[in-house]
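Asks: Protein sequence lines, in the order shown, are assigned to chains A and B. Residue 1 is where the first sequence starts when you use this note's numbering, and the numbers rise one by one after that. Residue 1 is where the second sequence starts when you use this note's numbering, and the numbers rise one by one after that.
Note that these hints are calculated values from the structure, not bench results.
Which copy? The list can't say, so a pair holds if one copy fits it or any two copies do.
Mimicking BS3-like on lysine-lysine, the simulated pairs with C-alpha atoms at most 27 angstroms apart in a straight line are: (1) K7 <-> K72; (2) K190 <-> K46; (3) K204 <-> K174; (4) K72 <-> K27; (5) K72 <-> K115; (6) K56 <-> K72.
Protein chains: 2
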Amino acid sequence: MKSRRPKQAVVLLSGGLDSAVALYYAKAKGYNCHCLIFDYGQRHKKEVLQAQKIAKAARCSYKILKINFPWKGSALLDKKIKIPQRTAKGVPVTYVPARNIIFLSFAVSFAETIKAGAVFIGAHSQDYSGYPDCRPEFLSAFRRMAKAGTLGRYEVLAPLLRKNKSRIIMMGKKLGVPFELTLSCYNGGKHPCGKCDSCQYRAKGFKEAGEVDPLIK
Amino acid sequence: MKSRRPKQAVVLLSGGLDSAVALYYAKAKGYNCHCLIFDYGQRHKKEVLQAQKIAKAARCSYKILKINFPWKGSALLDKKIKIPQRTAKGVPVTYVPARNIIFLSFAVSFAETIKAGAVFIGAHSQDYSGYPDCRPEFLSAFRRMAKAGTLGRYEVLAPLLRKNKSRIIMMGKKLGVPFELTLSCYNGGKHPCGKCDSCQYRAKGFKEAGEVDPLIK
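The following block holds chain A by itself, in its conformation from the complex (with noise of 0.2 angstroms):
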């Protein structure tokens, strides 16, 4: 009998909810999942360390990339912008000009050194409507530009992109993602903040997915 070489996947990892349950859907797709995780001076470094620990839960392996970001000029870098306490329309301040191009791209590279399948990332549109970078439209200019760019011997996957976050947690919930290690306020602290756009819309999304959030004691 020949042995076959599991599908091998890259999973972007951020500690947060989306990207948690995308691994675990790569997973029950029969990926063999590789995290790649960034620490690129984000507000909150407790982000890296969920991250680690959703990688472990999932028995994945995964590597830290630290990226020194030579300038600043988004909230989630610069400790000097406040975040916002509503949900802002238009562009958030928030926003990292180029972040999810940034992360694809490092995420493209590992996956054509170590011959994977595929790339995964749990960006998502319904949300987060206000960064360019979460689009469906990005998304498909991002894989024709993958393709042409490099070998181009692996899908780009966004499982969640045209789904709400009701319906990503109710998908977590099936997957047995461990919420209880998922990070979501903006203002790190242990607990939901309850007040940025971010916090605003997980709570939501566990309302109407019938859910009770682990984080909220």
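Given the coordinates of chain A, work out where chain B should sit on it, guided by the hints.
Replies: Just chain B now, kept in the frame of chain A:
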């Protein structure tokens, strides 16, 4: 009288000849240039030093972005892989998967942060046709992707794209590029080894341009 902010550009600078010509071209077009230099574990740290010297010679500011690739897979990153002595057919072992994609992604992030109107890259397809991320079709696809994934208020310009080495050298000569500061050799010695791909293209280019390479003593 109204004072007008000069046009700003981000220029990818590698320490090599091509990107130096791209920088001097951007300057000649009236851009105030901000150079972006990567220290990405390339075999020869000297490239980073030379890039800084070129930026200084051009009287431009620069930022150095350090990347520790947590994976290998290219002769330019992995000292265990031997650099080939002859021009390779197909994709050379010096190919770093998605390198230009990563570099350009950071450049557009930087451009968007400082509200620059252009990003310059010295890529050209004539000589390095083995690298998929130097081809015109890649650059077109990158532009479309960047438009979709960022606010997109800048152009991505590759003024050398369809030129061969001798034309690039003639162009650089006119622009006053300090060729003596530019490095091309993959083996990183003080003087070109004359054997690697990159040295061969450089030597041929200077010969065809009817110029003398100041690095050859």
